[in-house]
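> Under this note's numbering, think of the first position of the sequence shown as 1, with each following residue one higher.
None of these hints come from the bench; they were simulated from the model. One thing to keep in mind: the hints can contain errors.
Cut-off 25 Å, straight-line C-alpha distance, at most; resulting in silico cross-link-like pairs (SDA-like, lysine to any residue) [as the list claims (entries may be wrong)]:
1. 76 x 259
2. 175 x 149
3. 194 x 243
4. 76 x 314
5. 194 x 173
6. 76 x 260
7. 194 x 259
8. 261 x 150
What you are looking at is a predicted structure, and each value in this text was computed from that prediction instead of being measured.
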Amino acid sequence: MRRWRWRWAGVVAAVVVGTLAYRVSCAPPVPDAMPAAAIEPEPTVRGALPWGVYMTGWGHDRGRDPEADLRALGGKPQYTLFFHDLSQRRGFPTRRMDYCRETGTVPIVSLELIEWRRGEADRDGLSGLVAGDYDQWCADWARAAAAYEGEILLRFGYEMNGDWFPWGQRPEAFKAAWRRAHAIFQEAGATNVKWVFSANILYGDMTPATGFAAYYPGADVVDMVGLDGYNFGDGHDEWHSWESYDAVFSRSIAGMEQFAKPLLLTEVGCADDPRKSAWVADFLARVARDPRVTGFIWFHHDKRAEGEPNWRLDSDPDSLAVFRAWTQTQLDGSPTPR
Numbered sequence: 001m002r003r004w005r006w007r008w009a010g011v012v013a014a015v016v017v018g019t020l021a022y023r024v025s026c027a028p029p030v031p032d033a034m035p036a037a038a039i040e041p042e043p044t045v046r047g048a049l050p051w052g053v054y055m056t057g058w059g060h061d062r063g064r065d066p067e068a069d070l071r072a073l074g075g076k077p078q079y080t081l082f083f084h085d086l087s088q089r090r091g092f093p094t095r096r097m098d099y100c101r102e103t104g105t106v107p108i109v110s111l112e113l114i115e116w117r118r119g120e121a122d123r124d125g126l127s128g129l130v131a132g133d134y135d136q137w138c139a140d141w142a143r144a145a146a147a148y149e150g151e152i153l154l155r156f157g158y159e160m161n162g163d164w165f166p167w168g169q170r171p172e173a174f175k176a177a178w179r180r181a182h183a184i185f186q187e188a189g190a191t192n193v194k195w196v197f198s199a200n201i202l203y204g205d206m207t208p209a210t211g212f213a214a215y216y217p218g219a220d221v222v223d224m225v226g227l228d229g230y231n232f233g234d235g236h237d238e239w240h241s242w243e244s245y246d247a248v249f250s251r252s253i254a255g256m257e258q259f260a261k262p263l264l265l266t267e268v269g270c271a272d273d274p275r276k277s278a279w280v281a282d283f284l285a286r287v288a289r290d291p292r293v294t295g296f297i298w299f300h301h302d303k304r305a306e307g308e309p310n311w312r313l314d315s316d317p318d319s320l321a322v323f324r325a326w327t328q329t330q331l332d333g334s335p336t337p338r
């Protein structure tokens, strides 16, 4: 997630993971909390749920120790998410890929369809991709990706259904750019690159047809689908308020079912608030027992300097304790309730 955006958000009560009933006793009562019985586990179970984090130690978090950050979360993520652009100068993100290889995590590359330029306006890459201006960039990147020993998830032009990025809300150009780039990657033999159609959650008067299907480039060129959703809380701006997990994700998860592809929650975050630990607990309980969700990425980043909330899981000790308790159940092999 970068720059400004419109989001919807959530709250609620407790998490039950495996045979451990975990309650957030230190969190104050939540006025609109859902009854605890509503999130009790059902009899069926599944194994550990893959998860990941936005890469710390780079960008605005530069100077932090990423290994220490991960240790603090109490478990081993399966995914590492980071951002990249169309700059020829930067090319393939070798250093970050090396980090993923060393840590045994699957890289999720959030490709912004612009060129990051200091002191200049970002260059619109969507039109350039359609016109073939980035064919060589795609070919070079694809060959480097093909040589990488492991799977790469590519979030090509993520949140294309929003109005905050230059490539946003341009469905026909987006689909054309996707298919052109995908063909170049296939020709280069980069079959280890899995293409993730990663949209923002539905907002306003969007429907699954106008918000998702209008941008979908085709089942033959999409491997996975993703959703970015945040609880911005009450204090961010006049358009956001504290809402439940259901308000953030449920309608959009149902809307993604039309594509019959594996679903990742590719960016998740919750703003600071006395209710944050309860929201995190409820989120973990919900996704753990929803067979439609194959994993999630927590946007573990403090964006207050950029006018957004502190999304980090360690922004308060109670939220961190909730997440650490959950990751321990993933490590010890306890079944995840659903």
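> Which hints from the list above does the structure break, by number from lowest to highest?
When the structure is compared with the hints, numbers 1, 2, 3, 6 turn out to be violated.
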